[in-house]
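1 is the number of the first residue of the sequence shown in the working numbering; add one for each residue after it.
It is worth saying that the hints were derived from the structure and are not from the lab.
Just to be clear, a hint being listed does not mean it is correct.
[Said to hold, decoys possible] Here are the simulated distance ranges between beta carbons: (1) Thr55 with Pro76: 34 to 42 Å; (2) Thr119 with Asn47: 34 to 42 Å; (3) Pro76 with Tyr19: 17 to 25 Å; (4) Lys8 with Gln92: 35 to 43 Å; (5) Val125 with Gln92: 30 to 38 Å; (6) Ala64 with Met1: 18 to 26 Å; (7) Met1 with Val131: 29 to 37 Å; (8) Asp62 with Leu27: 17 to 25 Å; (9) Cys89 with Leu27: 32 to 40 Å; (10) Glu85 with Val4: 16 to 24 Å; (11) Thr119 with Gly12: 20 to 28 Å; (12) Ile93 with Pro113: 32 to 40 Å.
[Stated by the list, open to error] Straight-line C-alpha distance at most 25 Å; calculated DSS-like pairs for lysine-lysine: (13) Lys15 with Lys130; (14) Lys8 with Lys45; (15) Lys130 with Lys8.
Note that CB positions come from ideal geometry on N, CA and C, so glycine has one too.
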Amino acid sequence: MSTVSIRKVLDGRTKAIFYVYFKADGLGELVDQVLIDPQVDLEPKANRIRVEEITYNFAGFDAAIEFDSGLVDDTPIWVLPQGTESHVCFNQIGGFSDVSGLDGTGKLLLTTPGFDAATKQGSMVITVRKV
């Protein structure tokens with residue numbers, strides 16, 4: 001099983017920061033891996049989050065982040081191509097909010113196409129605002 005380590009760095013009244021590290025086991029990609037569940041991972045709990053910034057470094061694979069839309073197709077946010085020290089800031093547009101509707105769970109998910117060899121690994125720092 002691939003290693004996925006998620007550590008909360010900051011959990012303030014309106015903002016939270018998470019550090020994520022993952023390493024492939026060579027058996028397959030991560031599909032809809034929960035990165036942040038606002039009902040479980042935040043204090044005080046939030047119904048929804050808004051993604052403000054992501055800094056990442058991926059060795060040999062791409063990633064896609066999306067919000068869990070429950071019973072319907074997930075709500076894609078952004079594709080993160082492999083690279084070294086990449087930074088994406090969504091503050092100029094107010095961040096990316098979960099617009100998945102009533103069926104949405106508010107969870108931020110990660111899928112990693114190409115994460116299929118034991119040598120592949122990556123890390124992310126995700127800043128979110130509690131909504």
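Consistency of the hints with the structure:
1. Between Thr55 and Pro76 the CB atoms are about 20 Å apart, so this pair departs from the stated range of 34 to 42 Å.
2. For the pair Thr119 and Asn47, the supplied restraint of 34 to 42 Å holds, since their beta-carbon distance comes to about 39 Å.
3. A hinted range of 17 to 25 Å for the beta carbons of Pro76 and Tyr19 is consistent with their spacing of about 23 Å.
4. Between Lys8 and Gln92 the C-beta distance comes to about 26 Å, which lies outside the given range of 35 to 43 Å.
5. About 19 Å separates the C-beta atoms of Val125 and Gln92, a value inconsistent with the hinted range of 30 to 38 Å.
6. Hint check: Ala64 to Met1, Cβ distance near 21 Å, so the stated range 18 to 26 Å holds.
7. Roughly 32 Å separates the CB atoms of Met1 and Val131, a value that falls within the hinted 29 to 37 Å.
8. Judged by the Cβ atoms, the range 17 to 25 Å given for Asp62 and Leu27 holds: they are separated by roughly 18 Å.
9. A beta carbon spacing of about 34 Å between Cys89 and Leu27 agrees with the range 32 to 40 Å that was offered as a hint.
10. Distance hint for Glu85 and Val4: a CB-CB separation of about 21 Å, consistent with the stated range 16 to 24 Å.
11. Between Thr119 and Gly12 the CB atoms are about 37 Å apart, so this pair departs from the stated range of 20 to 28 Å.
12. The supplied range of 32 to 40 Å is broken by Ile93 and Pro113, whose beta-carbon atoms lie about 25 Å from each other.
13. Proposed proximity of Lys15 and Lys130 is supported: the alpha carbons are some 6 Å apart, at most 25 Å.
14. Straight-line distance between C-alpha atoms of Lys8 and Lys45 comes to about 14 Å, which keeps the hinted pair within the 25 Å bound.
15. For the proposed pair Lys130 and Lys8, the alpha carbon gap of about 14 Å is at most 25 Å, so the pair holds.
In summary, the numbered hints that this structure violates are 1, 4, 5, 11, 12.
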